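Listed in order, the protein sequences are those of chains R and A. Heads up: the first sequence runs through residues 398 to 866, numbered per the working numbering. Heads up: the second sequence runs through residues 398 to 866, numbered per the working numbering.
There may be inaccurate statements among the hints.
Any copy, or any two copies together, can satisfy a pair, since identical chains are not distinguished.
With a cut-off of at most 20 Å between alpha-carbon atoms, the simulated SDA-like pairs for lysine to any residue come out as follows [unchecked claim]: (1) Lys828 to Ser595; (2) Lys828 to Pro509; (3) Lys445 to Val630; (4) Lys708 to Asp424; (5) Lys499 to Pro509; (6) Lys492 to Thr611; (7) Lys445 to Asn624; (8) Lys828 to Gln554; (9) Lys492 to Gln721; (10) Lys708 to Leu663.
It should be emphasised that the hints constitute simulated quantities derived from the structure, not laboratory data. As the structure is a computational prediction, the values presented were derived from the model and not from experiment.
Number of protein chains: 2
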Amino acid sequence: MRRLSLLVLALAAHTAFAAPAPTRIPDDALRTAAVLREQALADDTGWKVVESLTTEIGPRIAGSEADARAVAWAQAKFRELGFDRVWTEPVSFPKWERRSEKAEVLGTHAQPLAITALGGSPGGTVEAEVVRFADLAALQAAPAGSLAGKIAFVDYQMIAARDGRGYGPGGAVRSRGPSEAIRKGAIGFVMRSAGTDSHRVPHTGITRYDEGLTPVPSAALSVPDANQLARLVARGPVRIRLALDCGWDGEYTSHNVIGEITGRSLPKEVVVIGGHLDSWDLGTGAVDDAAGVGITMAAGHLIGKLKRAPKRSIRVVAFANEEQGLYGGRAYADKYGDDLKLHQIAAESDFGAGRIYAFNTGSPAPEGSREATRQIAGALAPLGIEYAPTQGGPGPDIGPIAAKGGAWAWLAQDGSDYFDLHHTADDTLDKIDPQALAQNVAAYTVFAYLAAEAEGDFGSRPKEAGAGK
Amino acid sequence: MRRLSLLVLALAAHTAFAAPAPTRIPDDALRTAAVLREQALADDTGWKVVESLTTEIGPRIAGSEADARAVAWAQAKFRELGFDRVWTEPVSFPKWERRSEKAEVLGTHAQPLAITALGGSPGGTVEAEVVRFADLAALQAAPAGSLAGKIAFVDYQMIAARDGRGYGPGGAVRSRGPSEAIRKGAIGFVMRSAGTDSHRVPHTGITRYDEGLTPVPSAALSVPDANQLARLVARGPVRIRLALDCGWDGEYTSHNVIGEITGRSLPKEVVVIGGHLDSWDLGTGAVDDAAGVGITMAAGHLIGKLKRAPKRSIRVVAFANEEQGLYGGRAYADKYGDDLKLHQIAAESDFGAGRIYAFNTGSPAPEGSREATRQIAGALAPLGIEYAPTQGGPGPDIGPIAAKGGAWAWLAQDGSDYFDLHHTADDTLDKIDPQALAQNVAAYTVFAYLAAEAEGDFGSRPKEAGAGK
Numbered sequence: 398m399r400r401l402s403l404l405v406l407a408l409a410a411h412t413a414f415a416a417p418a419p420t421r422i423p424d425d426a427l428r429t430a431a432v433l434r435e436q437a438l439a440d441d442t443g444w445k446v447v448e449s450l451t452t453e454i455g456p457r458i459a460g461s462e463a464d465a466r467a468v469a470w471a472q473a474k475f476r477e478l479g480f481d482r483v484w485t486e487p488v489s490f491p492k493w494e495r496r497s498e499k500a501e502v503l504g505t506h507a508q509p510l511a512i513t514a515l516g517g518s519p520g521g522t523v524e525a526e527v528v529r530f531a532d533l534a535a536l537q538a539a540p541a542g543s544l545a546g547k548i549a550f551v552d553y554q555m556i557a558a559r560d561g562r563g564y565g566p567g568g569a570v571r572s573r574g575p576s577e578a579i580r581k582g583a584i585g586f587v588m589r590s591a592g593t594d595s596h597r598v599p600h601t602g603i604t605r606y607d608e609g610l611t612p613v614p615s616a617a618l619s620v621p622d623a624n625q626l627a628r629l630v631a632r633g634p635v636r637i638r639l640a641l642d643c644g645w646d647g648e649y650t651s652h653n654v655i656g657e658i659t660g661r662s663l664p665k666e667v668v669v670i671g672g673h674l675d676s677w678d679l680g681t682g683a684v685d686d687a688a689g690v691g692i693t694m695a696a697g698h699l700i701g702k703l704k705r706a707p708k709r710s711i712r713v714v715a716f717a718n719e720e721q722g723l724y725g726g727r728a729y730a731d732k733y734g735d736d737l738k739l740h741q742i743a744a745e746s747d748f749g750a751g752r753i754y755a756f757n758t759g760s761p762a763p764e765g766s767r768e769a770t771r772q773i774a775g776a777l778a779p780l781g782i783e784y785a786p787t788q789g790g791p792g793p794d795i796g797p798i799a800a801k802g803g804a805w806a807w808l809a810q811d812g813s814d815y816f817d818l819h820h821t822a823d824d825t826l827d828k829i830d831p832q833a834l835a836q837n838v839a840a841y842t843v844f845a846y847l848a849a850e851a852e853g854d855f856g857s858r859p860k861e862a863g864a865g866k
Numbered sequence: 398m399r400r401l402s403l404l405v406l407a408l409a410a411h412t413a414f415a416a417p418a419p420t421r422i423p424d425d426a427l428r429t430a431a432v433l434r435e436q437a438l439a440d441d442t443g444w445k446v447v448e449s450l451t452t453e454i455g456p457r458i459a460g461s462e463a464d465a466r467a468v469a470w471a472q473a474k475f476r477e478l479g480f481d482r483v484w485t486e487p488v489s490f491p492k493w494e495r496r497s498e499k500a501e502v503l504g505t506h507a508q509p510l511a512i513t514a515l516g517g518s519p520g521g522t523v524e525a526e527v528v529r530f531a532d533l534a535a536l537q538a539a540p541a542g543s544l545a546g547k548i549a550f551v552d553y554q555m556i557a558a559r560d561g562r563g564y565g566p567g568g569a570v571r572s573r574g575p576s577e578a579i580r581k582g583a584i585g586f587v588m589r590s591a592g593t594d595s596h597r598v599p600h601t602g603i604t605r606y607d608e609g610l611t612p613v614p615s616a617a618l619s620v621p622d623a624n625q626l627a628r629l630v631a632r633g634p635v636r637i638r639l640a641l642d643c644g645w646d647g648e649y650t651s652h653n654v655i656g657e658i659t660g661r662s663l664p665k666e667v668v669v670i671g672g673h674l675d676s677w678d679l680g681t682g683a684v685d686d687a688a689g690v691g692i693t694m695a696a697g698h699l700i701g702k703l704k705r706a707p708k709r710s711i712r713v714v715a716f717a718n719e720e721q722g723l724y725g726g727r728a729y730a731d732k733y734g735d736d737l738k739l740h741q742i743a744a745e746s747d748f749g750a751g752r753i754y755a756f757n758t759g760s761p762a763p764e765g766s767r768e769a770t771r772q773i774a775g776a777l778a779p780l781g782i783e784y785a786p787t788q789g790g791p792g793p794d795i796g797p798i799a800a801k802g803g804a805w806a807w808l809a810q811d812g813s814d815y816f817d818l819h820h821t822a823d824d825t826l827d828k829i830d831p832q833a834l835a836q837n838v839a840a841y842t843v844f845a846y847l848a849a850e851a852e853g854d855f856g857s858r859p860k861e862a863g864a865g866k
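With these hints in hand, go ahead and build the complete structure from the sequences.
Here it is in C-alpha cells:
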C-alpha cells in the first residue's frame with residue numbers, strides 16, 4: 398500500500414521504529430470548518446436542490462422515463478452549483494414497473510383495500526381466503542402445505558424509533574415473507590406495511606423470491622387497511638381479491654451522476670458523500686432520497702466556494718437505483734473499490750431529513766484515525782451532534798465499498814418519523830423541515846471538509862489483506 | 398296550537414294573564430341524568446357501534462350495494478340495542494358513482510397527481526393548460542372567456558379551527574368553483590382539497606353546477622399535490638390530463654332507519670337525535686359519520702335501559718344520503734315537519750368524534766325554554782361543556798325541520814382535526830379516540846333524556862305562523 402508506506406517513511410525520519418503517526422486535523426482547517434458550519438446553517442442551497450428534484454422530476458423509479466430525466470437534472474444541477482468536474486457512470490439493472498393494483502374484500506363485508514405491490518412482485522389476480530399471522534415467525538411456524546390455495550397475511554406492526562431499529566423486523570416481513578408464504582403453499586401474500594404512520598398510504602419496497610420458488614403476487618396493505626383486515630378476519634373467514642399488474646420488463650441502463658470539487662494537493666484522493674437519485678414511484682422521493690442528494694450537493698457546493706480548496710477532492714455521488722438492490726453503490730465499488738488508497742472516507746445520507754444527532758467513522762484500521770474522528774465530532778458538536786465511538790455503519794450505497802475495506806462515516810439522522818413516509822405516496826416535499834435540512838448540510842460540509850484536510854487517512858485497507866497490515 | 402293552549406289554560410288557573418310558565422327540568426330527572434352521565438362515560442357501546450359499521454360495512458356511498466347493507470345493519474343494530482320500535486322510511490335520490498379517476502402533469506415535468514372527482518362531476522378526459530387562482534374571488538374576477546380551453550385550478554388553503562369555520566370558504570370553492578370556471582370558459586376544474594391535512598388523500602364532496610351550464614370534469618387535488626402543481630405553475634405553463642370515469646346513473650331508493658325508545662307519558666312527542674348512515678366512498682366513514690350514528694344509538698340504548706322511561710320518546714335516526722344533499726333530513730322534515738307539537742327538539746351529531754365543548758338550543762320561540770336549556774347545560778358542565786347561549790345551529794339533517802320551525806340543540810364538537818379526515822380515504826376507525834367518543838355519548842344521553850323529561854317545550858312553532866304566537 399503505497400500511501401501508507403510513504404507515511405511510514407516520513408515518520409521514520411523523525412522517530413525510528415515508531416508506529417504510524419495518528420491521523421489528525423490541522424488547526425487552520427478546524428477554524429475554516431467553524432466558518433463553513435455557520436455559513437451552511439444560513440444557506441438554503443440544500444432546500445432548493447430538494448425542491449427542484451422533487452418538483453421538476455417528481456417520482457423517479459429506476460428504469461422509468463423519469464430516471465433518465467433525473468440523470469440529466471443531476472448533471473445540470475452539479476454544473477449550476479459550480480462543481481469542477483461532472484460526469485456519469487453507467488449502472489445496469491433489470492427494470493421493474495407498477496402499472497395498476499387493486500384489492501378488495503369479497504362477500505358480505507365487501508369493500509376495497511388500499512394496497513401497493515411490493516417491488517419485484519409479479520402481476521396476476523388471485524382470489525382466496527386470507528390466513529393471518531401475527532408476525533414472520535408465526536408464518537414460518539405454519540405447517541408445510543397449510544397455505545395451499547390461500548393468501549398469507551402477515552400483520553406485524555413495526556415500531557417507530559429514532560435510529561430506525563424497527564425496520565429490521567419490519568423490513569424482514571417484506572423481504573422474506575413472500576418466499577416463506579410460497580413454501581407453505583400460498584398463492585398470494587399481503588402484509589401490514591413496514592411503516593409507522595396511520596394513513597391510507599401503503600409502503601412499497603423491494604422483495605426477493607428465493608431461488609427455485611415460483612413468485613406469487615405480493616403486496617402491502619396500508620396500516621389502517623391491515624387493522625381493518627385483522628378485524629374482519631377475527632369475525633370469520635375472509636376472502637379477498639388481489640389484482641396486480643406489474644413485473645420485470647427487460648434491462649435498463651441508468652447512471653451514477655458524480656460531481657467533484659478538485660482537491661488542491663491530493664486531488665486523486667477523494668472524500669465521497671452522496672445520496673441516491675432514484676425513488677419509488679408512489680411519492681416524489683423527498684425524504685428518500687432527494688434529501689440526501691440535496692444535503693450532499695449543497696455540502697460540496699459550499700466547500701467548492703472556498704477560496705482555498707481542501708487538500709483532497711470532494712466527490713458527491715447521486716447513486717442510481719438504490720431501491721431495488723444498491724445497483725449504484727455496487728457499480729461504484731466495482732469501479733473504485735480496488736484502489737482504496739484513493740478512498741479517504743465515504744458517507745451516504747439516506748435516512749430522511751431529520752436532524753443529525755450522532756457521528757462516528759469506521760474502517761478495517763480505525764485505530765490511527767480515532768483522534769481525527771474525535772476532532773471532527775468536536776467540530777460537529779455545536780450542531781447538537783454527539784460523538785458515538787462504538788456505533789454506526791455505512792449508508793446503503795457505501796456498503797459495497799465498505800465491504801471491500803473502504804472507510805465510512807456515520808452521520809446519524811433522527812428517523813423518528815422516517816417510516817411514516819418511507820416508500821409511500823406521502824413522501825413529498827412538505828414533510829421536510831428546511832432548518833433540519835440545513836443542519837444536515839452543515840454537518841456534511843464540516844465532515845467532508847475536515848476529512849479532506851486530514852493529515853493521514855481513516856483506515857481504508859483491502860479487507861482481504863487484513864486490517865492495518 | 399293545541400299543546401300551547403292547554404299549557405296556557407293550565408297556567409291561567411294559577412295566575413291570571415301570566416305568560417306561559419317557562420319550561421323546566423324536574424329535579425329527579427336531573428339526578429337521573431347525573432347517573433346516566435357517569436354510566437355513559439364508562440360504557441363502550443358507542444365505540445362498538447362505530448367499529449361494527451366501519452368494519453362490517455365499510456364505505457357506503459349513497460346508492461351503492463353497501464348502502465343497502467348499511468340499512469339492514471342499522472335495523473339489526475337498533476334491535477340488538479333494545480330499541481322498542483325499529484322501522485325504515487324511504488328516501489329517493491339520483492345516484493352518483495365513482496368508477497376511476499386519474500390525473501397527471503404532461504411534458505417535461507411529467508408526473509401523476511393524486512386527485513379525486515367531486516361528487517356530482519361528470520366523467521370525461523380533458524387535457525389542457527392549467528390556470529391557477531389563489532382563491533374563489535380571483536376566479537370570479539377573471540374576465541369572461543379567459544379560461545376558454547383551459548383547466549381552472551383554485552388553490553385556496555382552508556384553515557383548521559375548532560369550530561370548523563374554515564369550511565365556509567373552503568367548501569365554497571368546491572360548491573361554486575366549477576360553475577364559476579365554466580362561466581369563464583374552462584373545460585375542467587381542479588381545486589386544492591377543502592382539507593387541513595398534508596397527506597396524499599384528496600377530499601371529495603358534492604358539487605353543484607348552476608342551471609344552464611354544461612358540467613365539466615371537476616376534481617380535488619390532495620394538499621401536497623396542490624402544493625406541487627402551484628410550484629410547477631410558478632415555473633411556467635403546465636398542461637395536465639384529467640381523466641374521470643364517474644357520473645349520475647338513475648334513481649335509487651334508500652331509507653332513513655329509525656329506532657325509538659317509547660316515552661312513558663307523552664310517547665308521541667319525540668326528542669330526535671341521530672347521525673347519517675351514508676358516507677363517501679373513499680374511507681370507511683368513521684368520523685363522517687359512523688361516529689354520529691354510534692354516539693346517538695348508544696345514547697338511546699342507555700336511556701332505554703332505565704327502569705323508568707322518560708316522559709317523551711327518544712327517536713334515533715340514521716339518516717340516508719346526507720352527503721349528496723341532505724336527502725334523509727329533507728325526507729324526515731317532509732314527513733314530520735308539519736306536526737311540530739310532537740317535535741320536542743332535535744340534534745344531529747355530524748362533525749366527527751372530537752369532544753363536545755359547548756351547548757345551546759334554538760327555536761322560533763326560545764324565550765320560554767332558556768332556563769331549561771341552562772339546566773341541561775348545567776348537567777353537561779361536568780363533561781367540560783360550556784353553555785353558549787348566543788351560538789350554534791342545527792346539524793345538517795336537522796336543518797330542514799328546523800327551517801320549518803322545529804327546535805334544535807347544538808352539541809358543539811371539537812373539529813380541530815375533522816378536516817384532516819373529512820371526505821378522504823383517511824376517514825377510518827383508528828382516527829377515533831374512544832374516550833372522546835364516550836364523552837359524546839354521555840352528552841347526548843344527558844341532553845336527550847333531560848329534553849324528554851322537560852316540563853314544557855323548547856319552542857318548536859311553525860315558522861310561517863311567526864314565533865311565539
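Hints, verified against the model:
Taking the closest pair of Cα atoms, Lys828 and Ser595 come within 20 Å of each other both inside a single copy (15 Å) and across two copies (8 Å). Taking CA atoms no more than 20 Å apart as the test, Lys828 paired with Pro509 passes between copies only; the shortest distance there is 19 Å, against 28 Å inside one copy. For the homomeric pair Lys445 and Val630, the shortest alpha-carbon distance between copies (17 Å) is at most 20 Å, but the shortest distance inside one copy (47 Å) is not. For the homomeric pair Lys708 and Asp424, the shortest alpha-carbon distance inside one copy (14 Å) is at most 20 Å, but the shortest distance between copies (88 Å) is not.
In the homo-oligomer, the alpha carbons of Lys499 and Pro509 lie at most 20 Å apart both inside one protomer (8 Å) and across protomers (17 Å), since each shortest distance falls under that limit. Only within a single protomer do Lys492 and Thr611 lie at most 20 Å apart by alpha-carbon distance; the minimum there is 19 Å, versus 44 Å between protomers. For the homomeric pair Lys445 and Asn624, the shortest alpha-carbon distance between copies (15 Å) is at most 20 Å, but the shortest distance inside one copy (38 Å) is not. Only between protomers do Lys828 and Gln554 lie at most 20 Å apart by alpha-carbon distance; the minimum there is 17 Å, versus 22 Å within a single protomer.
For the identical chains of this complex, Lys492 and Gln721 are intra-copy neighbours only, at 9 Å inside a copy versus 45 Å across copies, given an alpha-carbon limit of 20 Å. For a Cα distance limit of 20 Å, the shortest separation of Lys708 from Leu663 inside one copy, 5 Å, qualifies, whereas the shortest one across copies, 94 Å, does not.
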